[in-house]
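Asker: Here is how the chains run, residue by residue.
2 protein chains.
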Amino acid sequence: MNKDITIYDIAKNLGVSPTTVSRALNDHPAVNPKTKKRIFDAADQMGYQSNVFASNLRSKRTNNIGIIVPRLNSSFQSSVLAGMEKVANEAGYNLIISQSLESYEKEKANARSMFNSRVDGLLVSLAGDTDKTKHFQPFMDKGTPILFFDRVASQSGHTGVVIDNSQAGYNATQHLIQQGCKNIIHVLGNLKINVYGERLKGYKYALMDHDIPFTQENILHSDLNEEAGEDIAHKILSMDPLPDGLFVSNDACAASCIRSLKQAGIKIPEDIAVVGFNNDMISRLIEPNLTTTHYPGYEMGEVAMKNLINHLTDNTEGVLHNTNTITLRSELIIRASSLKKKLEP
Amino acid sequence: MNKDITIYDIAKNLGVSPTTVSRALNDHPAVNPKTKKRIFDAADQMGYQSNVFASNLRSKRTNNIGIIVPRLNSSFQSSVLAGMEKVANEAGYNLIISQSLESYEKEKANARSMFNSRVDGLLVSLAGDTDKTKHFQPFMDKGTPILFFDRVASQSGHTGVVIDNSQAGYNATQHLIQQGCKNIIHVLGNLKINVYGERLKGYKYALMDHDIPFTQENILHSDLNEEAGEDIAHKILSMDPLPDGLFVSNDACAASCIRSLKQAGIKIPEDIAVVGFNNDMISRLIEPNLTTTHYPGYEMGEVAMKNLINHLTDNTEGVLHNTNTITLRSELIIRASSLKKKLEP
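Chains W and E are the protein sequences, given in the same order.
In this text, residue positions in the first sequence follow the numbering used here: the first is 1054, and each later residue adds one.
In this text, residue positions in the second sequence follow the numbering used here: the first is 1054, and each later residue adds one.
So here's chain W without its partners, still in its complex pose:
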């Protein structure tokens, strides 16, 4: 392995003093622009690395932002990450990314590793079985800002970027009721995760507002993936009477469920009207096209990262500390899978 290139090597190479090289690389006004350019070009060519570590030790900043997501291979999370990366990159920050694989223990280990890497800030979407946030206490004690997104901590004192999941659940359910559905199944994920709890609340409120009794049997818990969609379809097919509406908390699972129901001879939406969640590409490509809630992942990533970086840059510590929730717009997109009645012209 080669030795690191130092300012002394550059100085020797160009026949200027080390002081001039150091000043030029720090953009000091006393060095004339032509010399600066020569020195920059030489530094580039020779493979000089600015001594980020030493400068980090002085500034106590690493320009690294940590991100912990439940899963990297999720259509929603990868949109969020793309939005975060764009904002961070433009502001000169690197992203250190890890996944908890829905495990509290792994999330704890990831948080510890991020803490030891001295990230300047942390963005977290919680694992499925995380029900406490003690593992983030060291960041808080140290004044390192944390922002939660999508799956946020229910404890007060944290800032979260979310959509109004309760309202979204309400809108989806009310739409099915307006299409004439009276026996609506709701498929959701782990109730420890705020988003599913909130959507369930919205489902219940909508039933209540339309005088439809709530029954626990109509709530199906699921991993919300492709395989789970098949299981859900089998459960539904064994129900007597068959439900007439289905609100699934994720498009992939809804699409897979529709496929299995159709294979069993069920007509969508005539027999069962179906609504998904997320507005993934698959919602526009399956048949019939899937009614769903547009969930702005990319924008959520942008907003979360911008808020964190503003906090770091302006040092306006009060802003994040006093902000409890940032809520983004979401929207029910009505398509053929739920339209029992024709839309009025």
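Incorrect hints may appear among the rest.
Identical chains blur together in the list; that is why a pair holds if it fits in one copy or across any two.
[As the list claims (entries may be wrong)] Listed below are the simulated SDA-like cross-link pairs for lysine to any residue, each with C-alpha atoms no more than 20 Å apart in a straight line:
no. : residue 1 : residue 2
1   : Lys1090   : Asp1080
2   : Lys1315   : Asn1342
3   : Lys1089   : Pro1071
4   : Lys1254   : Gln1220
5   : Lys1320   : Pro1341
6   : Lys1235   : Ile1265
7   : Lys1185   : Thr1378
8   : Lys1185   : Leu1244
9   : Lys1090   : Lys1161
It should be emphasised that the hints constitute simulated quantities derived from the structure, not laboratory data.
Keep in mind that this is a model prediction, so the values were computed, not measured.
We have chain W already, so just place chain E on it with the hints.
Answerer: What follows is chain E alone, placed relative to chain W:
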């Protein structure tokens, strides 16, 4: 912001000497296990950060691995990243991730930022308009290992993890020919990207082997996303005669194309047999189900990361330097979208 917790604070708190604390935290055998545990617990509780920077300065290792992908919000790339993260995390490495957004200039800036962050190694899938690898020279000069995956550099001297794209293109095309297709359209992405060039080669070889003349008009260039699929469908519908086979280099684009063709009254596969690429979830959910090439993204991520970490751990510099290409298995998965003839029992 609170002051950093030092070993002196821990020592004072527990009434032991700073030397004992330092030894305990470094797992020195001279400290008894009970005391070690007490010190570890106190370090945890008090929010002690091991001084990674200082230890990095000594070891010249950061335990950070840099990854540059064209886009984070891609189904394939997010599977790759999930595989990489799993392996890296288990081996105690952090991932620093950035996206080039298909731009050479942005890839260059990302590489420079990774270099200044002193990553221990780099994994790269090249941007669409990258046609040189000079921006990675500083890593090579410094002995920092680089591995390319999926979209690899054509210059020799680099190691790449790939599938046999030429063979995969051959198999897809030959399958269409065996189904009776004689006029096959191939839709591909930017030809600067090795994977598309290789698949085109396979397409041409298959035609040649079956005495079907190649015509440039049957090659359609595309962004290979959902919108592009609609454009491709319109182009195909304006062709006279209509083609009878379609080999698209990506499932999302193929699925969107099938939707538009069906809306125009074309029967799939009777009128046009369609083959995609990647084996994304969408290939199993659209109708008819899409014939495609299984492209093992997660496994590619695992293999690339394992090779890089083995190189870092064993210091067997020769292994990577002498390996040109690591080729993973891929496989044509035949489904209804291409079956003009019934499969023989």
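Asker: Work down the list of hints and note, for each, if the structure agrees.
Answerer: Tested hints:
no.: 1; hint: Lys1090 - Asp1080; result: within (10 Å within a copy, 49 Å between copies)
no.: 2; hint: Lys1315 - Asn1342; result: both (13 Å within a copy, 14 Å between copies)
no.: 3; hint: Lys1089 - Pro1071; result: within (13 Å within a copy, 47 Å between copies)
no.: 4; hint: Lys1254 - Gln1220; result: within (9 Å within a copy, 52 Å between copies)
no.: 5; hint: Lys1320 - Pro1341; result: both (10 Å within a copy, 17 Å between copies)
no.: 6; hint: Lys1235 - Ile1265; result: within (7 Å within a copy, 59 Å between copies)
no.: 7; hint: Lys1185 - Thr1378; result: within (18 Å within a copy, 46 Å between copies)
no.: 8; hint: Lys1185 - Leu1244; result: within (14 Å within a copy, 50 Å between copies)
no.: 9; hint: Lys1090 - Lys1161; result: between (47 Å within a copy, 18 Å between copies)
In summary, this structure violates none of the numbered hints.
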